[in-house]
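Undergrad: So the sequences go chain by chain: R and F. According to this note's numbering, the first sequence is numbered sequentially starting from 1. According to this note's numbering, the second sequence is numbered sequentially starting from 1001.
Since the hints were derived computationally from the structure, they do not count as laboratory data. From a predicted model like this one, the values you see are computed outputs, not experimental measurements. Yeah, the Cβ is synthetic: ideal placement off N, Cα and C, and Gly gets one too. Worth double-checking, as some hints may not be accurate.
Partial selection, computed: residues in chain R whose CB lies under 10 Å from chain F [said to hold, decoys possible]:
(1) Ile37
(2) Lys41
(3) Ile60
(4) Ile64
(5) Ala198
(6) Gly235
(7) Met242
(8) Pro247
The calculated DSSO-like cross-link candidates involving lysine-lysine, where the alpha carbons are at most 27 Å apart (straight line), are [as the list claims (entries may be wrong)]:
(9) R:Lys98 with F:Lys1018
(10) R:Lys226 with F:Lys1018
(11) F:Lys1018 with R:Lys18
(12) R:Lys41 with R:Lys18
(13) R:Lys41 with F:Lys1202
2 protein chains.
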Amino acid sequence: VVAFSSGNHAQAVAGAAKHFGVPAVIVMPADAPRFKIEATKSHGAEIVLYDRIKDDREAIGRAISEERGLTLVKPFDDPDIIAGQGTVGLEIAEEVEKLDAALICTSGGGLTAGCAIALKARFPHCAVYGVEPAEHDDFARSLKAGARVKNAPGVRSICDALMSEQVGEYPFALAKAHDIQAVSVSDDEVRAAMRFAAMELKLVVEPGGAVGLAALMAGRIAAQGKRIGVVLSGGNVDAEMMREVLP
Amino acid sequence: VVAFSSGNHAQAVAGAAKHFGVPAVIVMPADAPRFKIEATKSHGAEIVLYDRIKDDREAIGRAISEERGLTLVKPFDDPDIIAGQGTVGLEIAEEVEKLDAALICTSGGGLTAGCAIALKARFPHCAVYGVEPAEHDDFARSLKAGARVKNAPGVRSICDALMSEQVGEYPFALAKAHDIQAVSVSDDEVRAAMRFAAMELKLVVEPGGAVGLAALMAGRIAAQGKRIGVVLSGGNVDAEMMREVLP
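Excised from the complex, chain R in its bound form (with noise of 0.2 Å):
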């Protein structure tokens, strides 16, 4: 298999890809922090790194599966990738008997669109937010257009797993479909919510995972007196920035 992914997708892939025997080529930016790099390659991946600013990570994945006879694996435009991460909406739909809103971290929405999937099924009325940086809200600007917009290129957030270039157009046709709304966060909202997640709920949570708890706390939506879901996802995070939003 190969796969384009700044680290979470990546070690997803790297690790079904050795619980199952087959090879795998991941496709990383040079700038993904480095102990996800080193994560993925812990897995028995081969790494390609890329420019995320000059290069197209798509096409070089695209050209690895082409030339090698391997199954590219999308991060998020996928409809099998999309169900897959909306298990984690399910998970969330078994465990509660009413649900009045979720909050899901939102880059390429794939996560995004399989939860609001699951979660609108047995909670119709539930509302269900995007949630992405500040600087980075080609999702809340792609609804309000009513067509896919795209990031600034070289646009930077804390939030490193957040920082695909668009939404994607599976994802985008779901948030239509099923009424997703889109909030944004800034970087030190999240680190408010990282600082929160660890101190308080003593998980280790990185920027990208956190936006959803960052809008819940930064009062983005109505939550008084509601049930909220908040989806907490990926802990790829280095001592350093740890270090950095502890009290």
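Once you have looked at the hints, place chain F on chain R.
TA: Chain F alone, transformed into the frame defined by chain R:
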């Protein structure tokens, strides 16, 4: 209610008292981590501090109980508390099909004894280990001596939650009846376990809660090919210590 505890039992009793709307007085060591005292206060409890070396916390608790007509809730030497703490073992027993051994943080021994009852009922051949700081190994010495012995006063370890003077009467009787064994770990082994918990398991665990994982990582018991249950209990760690244990 009135209770004496260095932190975790203190917060549990204070939280339960708040929930049921009854007043709580918590007797805590003056050198308990500041944030444990603050967390207990935040549940609305009245705090009475004592000197860990000079004072007898049980006598203080009993005196307050008699003077003010409050029920004394002991941290471990009480059959009801042991049964409550044993629900941790019940949860493990319900979740797995097979268990060869369990590693449980031990100080007064209530959690260990309660878990042993639950685990041995389902898995009669499961080995249950109480894990304690090496400098504070009264449980191991008590088992060896066949009678409860005390720790030297003033002995310290980073495991502030495991500093009781000796194993309780009920827990010790149960340890003998259920064939509980003892292993111990050094402070450095505990730090390594906290680091692993944060970076790999994505969990913030306090020193006293990490001793079971430390024992497993240090090879204190034969683990190869076995299914081992490890209780990670307590996340009351301050930011300074977290910074210290991070890689």
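Undergrad: Taking the hints in turn, state whether each one holds.
TA: Status of the hints after comparison with the structure:
Interface hint status for isoleucine 37 of chain R: violated, as the beta-carbon distance to the closest one in chain F is roughly 15 Å, over 10 Å. A hinted interface residue such as lysine 41 of chain R counts as satisfied when its beta carbon comes closer than 10 Å to some beta carbon of chain F; here the least separation is about 16 Å, so the hint is violated. The interface hint given for isoleucine 60 of chain R is violated, since its Cβ lies 30 Å from the closest Cβ of chain F, which is over the 10 Å cut-off. Checking isoleucine 64 of chain R against chain F by beta carbon gives a least distance of about 30 Å; that is not within 10 Å, so the hint is violated.
A cut of 10 Å between beta carbons decides the hint on alanine 198 of chain R: the least distance to chain F is about 5 Å, and the hint holds. Taking 10 Å as the C-beta contact cut-off toward chain F, the hint placing glycine 235 of chain R at the interface holds, the least distance being around 4 Å. Restraint check, methionine 242 of chain R versus chain F: the minimum CB separation of about 6 Å is within 10 Å; hint holds. A least Cβ separation of about 5 Å between proline 247 of chain R and chain F falls short of the 10 Å threshold, and the interface hint therefore holds.
At most 27 Å may separate the alpha-carbon atoms for a hinted pair to count; lysine 98 of chain R and lysine 1018 of chain F meet this at roughly 26 Å. For the proposed pair lysine 226 of chain R and lysine 1018 of chain F, the alpha carbon gap of about 22 Å is at most 27 Å, so the pair holds. The hinted pair formed by lysine 1018 of chain F and lysine 18 of chain R fails the criterion: a straight-line CA distance of about 50 Å is larger than 27 Å. Distance hint between lysine 41 of chain R and lysine 18 of chain R is fulfilled; the C-alpha atoms sit about 11 Å from each other, no more than 27 Å.
Taking the CA atoms of lysine 41 of chain R and lysine 1202 of chain F, the gap is about 19 Å. The hint holds against a cut of 27 Å.
Hints 1, 2, 3, 4 and 11, counting from the list given before, are not met by this structure.
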